[in-house]
Amino acid sequence: MKYLSEYRDPELVEEFIKEIHRITTKPWTLMEICGGQTHSLVKNGILEMLPDKITMVHGPGCPVCVTSVSVIDEAIFLAEQPNTILCSFGDMLRVPGSSKSLLEAKASGADIRILYSPLEAVQLAVQNPGKQVIFFAVGFETTAPANALSVVHAAQLKLNNYSILASHVLVPPAMEAILSDDENKIDAFLAAGHVCTIMGIEEYHPVASKYHCPIVVTGFEPVDLLQGILMAVQQLENGEYKVENQYSRSVQREGNVLAQNTIHKVFAISDRIWRGIGNIPQSGYEVNEEYKNFNARNKFNIDIPFAEENKECISGDIMKGLKKPKQCPNFGSKCKPEHPLGAPMVSSEGACAAYYHYADADSMLTI
Amino acid sequence: MKEEKIKMALHCPMPKFDFDVITLGHGSGGLLTHRLLQSGVFDIFKNDLLDQQHDGAIFEMNGKMAFSTDSYVVSPIFFPGGNIGDLAINGTVNDLAMCGASAKYLSLSFIIEEGFAMDEFWKVMVSIKGAAQQSNISIVTGDTKVVEKGKGDKIYINTSGVGIIHPKANIDHKNIEVGDVIIVSGNIASHGMAIMSIRKGLEFETDILSDTINLNHTILSLLDVFGDDIKFLRDPTRGGVASVLNEIAELTQRGFYIDQKLLPIDEQVDGACEMLGLDPLYVANEGLFMAIVKKESANEFLAQLKNDPNGTHAAIIGEVTTENCGRVIMKSRVGGKRMVNYLTGEQLPRIC
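Same order as they appear, the protein sequences are chains V and R. If you're matching positions, the first sequence starts at 1 in the working numbering and goes up one per residue. If you're matching positions, the second sequence starts at 368 in the working numbering and goes up one per residue.
Please keep in mind that the hints were generated in silico from the structure rather than gathered at the bench. It is possible that part of the hints are untrue.
[To be verified] Partial pick of chain V residues on the chain R-facing surface, computed with a CB cut under 10 Å: (1) Ser5; (2) Pro10; (3) Met49; (4) Asp52; (5) Arg94; (6) Tyr358.
Beta carbons: idealized from backbone N, C-alpha and C, even for Gly.
Using the sequences and the hints, build the whole thing.
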């Protein structure tokens, strides 16, 4: 496959592995931000090819994982209202809310549709004028433009039966929250390539300077990840802390300005509760005042009690890089994909899911 | 295969039915059911046993038998490369073939949703006939039920079949030994992606065709030559190749080691999986089988299979080992190792 196989080339992988081994002299802890990167590392068996001195910990960049229980409960509440169609990306369906998941709500009769694009949800609203169509708009900066665009389209079409339940989260505030944690042990970040494709790289400079932490914007294929790791380790070994761009085939310094404008047209920055981490100020997007009629929280009276996270799930520690999935006493026993304690076990980008599916054998990734 | 289907359609013009759609009356057992059967169904599947028009088929069989059943609920019912009709015949014929049996007689039951178009029903019937002829089996008994509109999804089919076990066959997971070789008979994931490519809301343009086909002739000729060197056979339908490997690993408590580089996959299918975030190892197949074969015979087995039209893309993908007992381990394209686990639930489209 053009533009993919080049980045999965075994010979290049071997060269990068050798070079990383050659230059690493001290122990370093690196965090890849994005769950897609975590899965690629584990699925391709890359973690076990790295020098023992390098520890990769797995960051919060899995939108499904960081969506709080109370937001899932809001989505379930909305889905269970009469004459309502709740549309969602597929990954969200298995994530446990406080009493059930969207998948269980669907099985009990709620009209929940899995879509690939929020624009399909707008189409559904056009086709079903007698029903309220709500799109569950989760994700990082990557999915925000399309979700915002759906609202713009709905407004142009003067639809009064379309709204979104926004649970957008932002990467830079999460990185700061992790770096300012007393127990932080992260030496460098691999930033998420797709997020930076939208947002550019400028907003990472203040984080790198303030915390003396190298940040390498990195792609998702084996060659990308190894090159990103090599660039980060080179900086660490040289005592540098710059923002570098490994994923230049997709990421430009200023990002995608058109997409950013669409985001800013519809969303305003807001506080957001992250599952397992808690409230991070100014770390999310909410529908702004101008488009409030398309905000499901404004439109419907969502009357549910605030739900606490499951205390047995250590997803917060995992997403802050303080623990690895196999250090959780419930991993693979009380917590499995078929009965998860938390989202990281069921999301297709969750760190626990990656370890469970690809590295659960006794001999693999013991720490 | 395709030419054969078209020819069959020309030979089986749709008879004149009283109705354009199936009604509840067609499943009542009364006059409409009788007319439906008499006006075409009995004719298209004509054979001595069916002609008895009894409550069941009465026949003699000797020796060791295999018996299998399966229900077909695919949606949409027409897909690139086939439809629910040939799928329902090939599926049960292939399940019997995986037991080392040559399918002989099949039952055929329909559960039809009220309002199902008669011409679509006839298209399904014609393709059932084509698949039955290619597999060399007879449909000897059957049933038709109709459910109210909204209580079904166009048409569901159940087929059950009996077959005679090949004299040289000894298909049993207990025969699997360390060193045995894992073979897959062709490109993986084609059927599942053919269906995905036309599912509502997901339509994307490809030439991907389902590989639904009968495998009994292929399997029987392999059994003629390799007999009990063929330790195990399985068609990786729902759950794909990964699920079959996990089942055998668990049953045998041996390690199953495969190499991602060796997995045969069509480039378009690979691309479609990549785009949708699906792992081809878990995507459903039809017309594909996996074999665990004694090491010494593996190369000859593969050579014969590759000469068969159903095995052109066959490949050795791995071996049975003593490491990681009960687990499936895969060497990744870039040289690392990963586990291949059971799939939990359905593969859901990913978020970004």
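These are the hints, each one checked on the structure:
Against a cut-off of 10 Å between C-beta atoms, the interface hint on Ser5(V) holds, since the closest Cβ of chain R lies about 9 Å away. At its closest, the beta carbon of Pro10(V) sits 5 Å from a beta carbon of chain R; the interface hint therefore holds under the 10 Å criterion. The beta carbon of Met49(V) comes within 6 Å of a beta carbon in chain R, closer than 10 Å, and the hint placing it at the interface holds. For Asp52(V), the shortest C-beta to C-beta distance to chain R is roughly 15 Å, which exceeds 10 Å, and the interface hint is violated.
Because the beta carbon of Arg94(V) sits about 7 Å from the nearest beta carbon in chain R, less than 10 Å, this interface hint is met. A hinted interface residue such as Tyr358(V) counts as satisfied when its beta carbon comes closer than 10 Å to some beta carbon of chain R; here the least separation is about 4 Å, so the hint holds.
The structure does not agree with numbered hint 4 stated previously, though it agrees with all others.
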